[in-house]
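Asker: For chain A, the structure is supplied; the task is to place chain B on it using the hints.
Residue numbers (our numbering), protein chains in the order written: chain A, 67 to 295; chain B, 143 to 243.
Treat the hints with caution; some may be incorrect.
[Said to hold, decoys possible] Partner residues aside, some chain B positions facing chain A, computed with beta carbon under 7 Å:
| # | residue |
| --- | --- |
| 1 | L150 |
| 2 | N151 |
| 3 | N155 |
| 4 | E158 |
| 5 | G162 |
| 6 | S202 |
| 7 | T214 |
[Said to hold, decoys possible] For each label pair, taking beta carbons as the anchor points, the in silico distance ranges come out as:
| # | chain 1 | residue 1 | chain 2 | residue 2 | range |
| --- | --- | --- | --- | --- | --- |
| 8 | B | W205 | A | F96 | 36 to 42 Å |
| 9 | B | S175 | A | E231 | 52 to 58 Å |
| 10 | A | A218 | B | H187 | 26 to 32 Å |
| 11 | A | E268 | B | P234 | 19 to 25 Å |
| 12 | A | D263 | B | Y161 | 19 to 25 Å |
| 13 | A | E268 | B | G162 | 28 to 34 Å |
| 14 | A | L89 | B | F221 | 47 to 53 Å |
If you are wondering where the hints come from, they were derived from the structure by calculation, not from laboratory data. Computed from a predicted model, the values in this text were never measured in an experiment. All C-beta atoms, glycine included, are put in the ideal place defined by N, C-alpha and C.
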Amino acid sequence: MDPSISPTQTSRRSSLYRRHSQLGAEFHRFGEAIAVHHYASDEATQAQSLGLADLSTLPRVGFKGAGTPAWAEQCGVHLPHQPNWASEQPDGTLVARLSSSELLMIGDYSGHSPLIDRLAAADRPERVYPLPRADSHSWLALCGSHAADTLAKVCAVDLRPQHFENGQIAQTSLAKINAIILRSDIGNLTNYAIFSDSSSVEYLWDSLLDAMAEHRGSPVGLEALANNR
Amino acid sequence: MKILTCPLNGPRNMSEFTYGGEYHPTPDHADASAREWAEHVFFHHNTAGVVTEWWCHNASSYWFLAERNTLTDEVLRTFDCDQVYNQRIDFPAVTTPEARK
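Bound-form chain A, shown alone (with noise of 0.2 Å):
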C-alpha cells in the first residue's frame, strides 16, 4: 500500500474509483490494476458486521462452449459436479460452475491468480470459447453477518447461510439487475462475491449501500477481507 497511488496513474481501475477517493480511500496497486486497500483505520470490525467492497480490477476470466469441461480438466482444473456450484483449486482460485458447459473463475485477494494466467495463455481446442469476464463484469464483496439481511431486501432468493451454502451459486436478480451471487466465505466470515454488468456497477454500488444503512453497514478495503482470512 502506498498512499500517495492515485487510480489515475493506472491503466485498470474501477468505475467507482471517484466514489472510492471521495471516501478518502487509500490504495493498493498489483500491476498496472489498483484496487482500495482500506477507507478507515479499523474495517476487521466492520467486515465481521457489515462491509461492501469492490474488487472489480482483480482477475477473473470466463470459458464456455460444450468442449469447456473436458479442456479444463485436462488443464487440471478440479471442476464442480454440478451447475450452480464453485470449487476451490490448490492456488486459491475458485471455479464457479454457470451451467455444464460454462466456467468462472475468480482469483484470491491478493490480485494475482496462477491458473488464470495459465488457462488464459493456453491454446484452446474448438468449442471452447474465451469471455471477458474481468470487463464485462463488476465484481462486489458483501461481507459480515448482517450480508444475509442485506441481500434480503434486494432480491428474492433464500441467500441466508443456513439454506445458502459456502460455494453455491444463485444467478438471478438483484436490485433488479441480473447478478452472479456466490457465497465465497473468508474463514469464518460470511462472504457472498457478487458479479453483474459492469455498466450499472454505480446504480448495484449505491442500491447496495442503501439497503446496508439500517444495519450501519460501510465500504471496507481489500485489507479487511485479507485480515479475515
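Answerer: Using the frame of chain A, we list chain B on its own:
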C-alpha cells in the same frame, strides 16, 4: 408473483424470464421450400391447449423449453433444450449465384 422453474437455476420469479415464442421443429435446411421456412420463422399456430414454448432465464442467459397450457396458464414441465437438439447441425456455405448478391 408467478413462479417459473428454470431447469438450470430452479424456481424463480416470472420477472426473471423472457418469452421466446412457440417451439417448432426446425425444417431440414437441405431441402426445405421457401414456404416451409417462412412458416417456421413467421407463423405461429396459436393453439388453445398445451403448447411447447421457448423461455430464457435472463440472469444466466439460459434458453430452455416449457410445456404450458394456454387455456389455464399452467406450466406442465420445463426442460433443457438438449432433449430436442442433441446433435450439431452445420450449415454449408451457400454457393449459388443468387445467394452471393
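Asker: Of all the hints numbered above, which does this structure not satisfy? Sort the numbers upward.
Answerer: 5, 7, 10, 11
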